Every structure is written in C-alpha cells, then in structure tokens.
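Now for the letters of each chain:
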Amino acid sequence: MTPLQRIIGSVASLLMMALIFHLVRRRKLREEYSILWLAAGLVMLLVAAEGRLVYWVASALNIQHPAYGLFVLALLVGIVLAIHFTVVLSRLTAQNWRLTQEVGLSAQRIDELERRLAAYESEVEKKS
Amino acid sequence: MGVSKRILAVIPAYNEEESLPATLAELRSVRPDVDIVVVDDGSRDHTAQIARQYNCALISLPMNLGIGGAVQTGLHYALRRGYDVAFQFDADGQHRPDQIAAIVDPILCGDADVVLGSRFLQKTDYRVSRVRGLAMRFLCWLTSRAIGRKLTDNTSGFRAYGKEAIAFMTANCSYDYPEIEAIISLVRSGFRFREVPVLMRERVAGKSMFTPLRAAYFLVRSLMAVLVSVMSGSKRVLYSDAVVAEEKFDTTPAHNR
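Chains as they are written, first to last, in the working numbering: chain A, 1 to 128; chain B, 1 to 257.
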C-alpha cells in the first residue's frame with residue numbers, strides 16, 4: 001500500500017467513527033448499537049493504517065490471496081449484522097404487538113367508564 | 001345449580017361492516033346469555049361503529065395485528081373480567097350461534113380445556129376448493145402427528161377455551177398461523193383437548209383469498225409454525241399468576257367489572 005492509500009483509508013475510517021459519535025451525541029443512534037459500529041471502524045482503521053496486517057492474518061490462516069480473506073471477513077460481518085438487526089426487529093414487533101393490544105384494551109375501559117358516568121349523571125339529574 | 005358460568009364470545013373483525021350486523025343480531029337473539037366483545041382489528045370501515053350500535057364491548061386496535069393478535073386481545077379481556085369460557089366466533093357469518101353449545105358445553109361440564117369445532121368430523125355439505133382442501137388435509141395430518149392424536153380440521157376458528165387455557169393463550173403468543181400453533185402448544189402443555197363436529201355456513205360476505213401461490217406460501221409458513229411449536233417449549237402459566245400479571249394493567253375492582 002502506498003502512503004497515500006493508507007492516509008485516505010485511515011481518514012475515511014476516522015470520519016466514520018466521528019459520524020457514529022456525532023449520531024450518538026445527537027441521540028439519533030443508541031449507544032447499544034454504536035459499540036458495534038465503533039468496533040467495525042476500529043478494525044477498518046487498523047487495516048488501513050498498517051497494510052501488512054492483512055498479509056499477516058492471511059498467511060497465518062493459509063489464505064493465498066489476502067484480498068479474499070478481507071472479502072470473506074466483510075461478508076461475514078455483514079451477515080452477522082443483518083441477523084442482529086432481524087433479532088432487534090422481532091423484539092420491536094413483539095413489543096408493538098403487546099402495546100397495540102393494551103391500547104385497545106385501555107380504550108375499551110375508558111369507553112365503558114364514560115358510558116357509566118353518563119348514565120350516572122343523567123340519573124343524578126333526574127333525582128334533583 | 002351453583003353460580004351460573006360466564007361465557008364470552010370473542011369476535012375478531014377486520015373490515016367486516018357488511019356481515020357484522022347480521023352476525024351480532026343472530027348471536028344476540030339465539031344466545032342472549034353470552035357476552036360479546038368485538039375486537040376491531042384496525043379496520044378502515046364502519047366495523048367499530050356497528051359494534052357500538054349493537055351495544056357490544058368494543059376493543060379497537062389502532063393497528064392490524066391479524067386474527068391471532070385480535071383473538072388474543074379478546075382473551076386478555078376475558079381473563080381480566082374473569083370469564084369462565086371464551087370462544088372465538090367469526091364475524092363473516094361462517095359460524096352458527098346454534099352450534100355454540102357444542103363447543104362450550106364440554107368446558108362447562110369440566111370435560112375439556114379446549115374444544116375445537118370441526119367441519120369435517122361428520123359428513124357435511126361444507127365445501128372447499130381442491131387446492132385448499134389438499135393443503136388443509138396435509139397440514140391436518142402433520143398437526144395430528146405433532147400432537148399424537150387425530151385431528152380433522154385444524155384451521156377451524158370455531159373454538160372455545162376454558163379459564164386455564166385462556167391464561168395460557170394470553171401468555172404465549174403466536175403471530176402468524178395461530179390456528180395451528182395454538183392447538184399444538186396447548187396439547188403439548190397438557191391441556192385436555194377435544195374436537196367436536198359442528199355445522200358451518202359458507203361465508204356470507206367477502207371472499208376467501210386463496211390462490212395457488214398463496215396456498216403454497218400458507219403451506220410453508222404453516223410448516224414453520226408446526227416446527228416452531230414442536231421445538232419451543234411454551235410456558236404453562238398458572239391461572240392465578242396470569243391474573244396477577246393482568247391486574248398490572250386493569251385495576252378495576254373485580255366487583256365493578
């Protein structure tokens with residue numbers, strides 16, 4: 001890797017981490033999920049700053065072309081992320097489901113109370 | 001005879017303004033002893049207004065949850081109000097009020113916890129299309145294997161639950177194909193299940209939306225539902241615990257309900 005490539009790569013990953021920080025600060029991203037992205041940014045930074053890292057890992061794992069290793073790694077991270085998101089989505093769906101039911105049940109109680117109140121009030125009026 | 005048992009009809013309704021009035025009127029006249037709760041499953045028509053006109057308890061869900069979610073909401077209501085039996089009754093006119101006794105009585109007698117009204121236990125003139133019939137028969141066979149006993153009509157929505165089964169159903173929710181999953185998890189959790197023959201009508205309004213593609217999708221999703229309910233253990237909840245859990249939400253004193 002040329003020095004220029006290393007600089008561009010490092011700056012790009014630093015920018016990404018800065019974006020994550022910014023989103024967390026603005027409360028647009030929960031800390032819970034930011035950890036994941038910050039870790040990803042850190043790995044990107046390491047790979048960009050020290051180009052030989054990929055080669056070391058590749059030779060340790062006996063991968064002939066380091067680029068393949070990188071590719072497989074990126075794909076795996078993507079799949080794990082997608083699974084993570086569907087788990088989060090399923091949880092949200094279950095919570096939504098319960099909330100929707102409770103909203104309906106509460107509305108029914110209010111409905112009933114109002115009807116009873118109206119009946120009570122008209123009875124009081126009749127007596128007076 | 002002791003205190004009379006309280007029975008609740010749970011009517012899930014999604015855009016059923018056409019058939020709901022006739023259904024409610026008939027139910028009221030044939031079974032005046034039965035309380036009714038209409039669960040409006042996020043309809044965009046006048047379903048809710050009709051339920052109000054007929055002076056039924058109305059639970060309006062702000063979003064569409066599907067039949068399983070709607071019925072479960074009705075069962076929460078039954079649990080909170082202390083009903084002894086709750087049964088599902090379709091708004092589209094398929095279910096007949098004169099058949100209610102068939103599914104409710106075994107529970108009132110204490111002979112069963114869950115009763116399912118089957119269209120096919122006896123020879124009836126109820127007809128379904130060929131593709132649908134095939135899919136239904138296959139699923140029945142599979143469900144029968146899963147619960148280890150014969151089942152003839154696992155997609156029937158005409159079913160009644162006793163107190164304990166109501167508590168179980170409110171604590172364990174199944175999202176997609178509740179008809180099939182519910183039976184399997186109930187039976188596997190040790191509830192006494194019974195299938196009884198009932199008469200049903202062809203639907204009055206609305207059309208069944210079964211195309212071959214939909215049937216295939218239905219089949220795959222149902223297979224998943226069977227697998228999930230066989231693999232995952234549902235928790236058997238005690239009725240008293242379920243009531244405590246519900247009281248968190250509904251603090252109305254019991255004598256006022």
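Quick caveat, the hints were computed from the structure, so don't treat them as lab data.
Since the structure is predicted, the reported quantities are computational estimates derived from the model, not experimental observations.
Please note: incorrect hints may appear among the correct ones.
Dumping the calculated DMTMM-like pairs for lysine to aspartate or glutamate here, alpha-carbon to alpha-carbon at most 20 angstroms [to be verified]:
#, chain 1, residue 1, chain 2, residue 2
1, B, K5, B, D111
2, B, K163, B, D111
3, B, K163, B, E247
4, B, K248, A, E112
5, B, K248, A, E102
6, B, K163, B, D33
Consistency of the hints with the structure:
no., hint, result
1, K5/B - D111/B, "holds, 15 angstroms"
2, K163/B - D111/B, "holds, 13 angstroms"
3, K163/B - E247/B, "holds, 16 angstroms"
4, K248/B - E112/A, "holds, 19 angstroms"
5, K248/B - E102/A, "holds, 11 angstroms"
6, K163/B - D33/B, "holds, 18 angstroms"
Consistency with the previously given hints is maintained throughout, with no hint failing.
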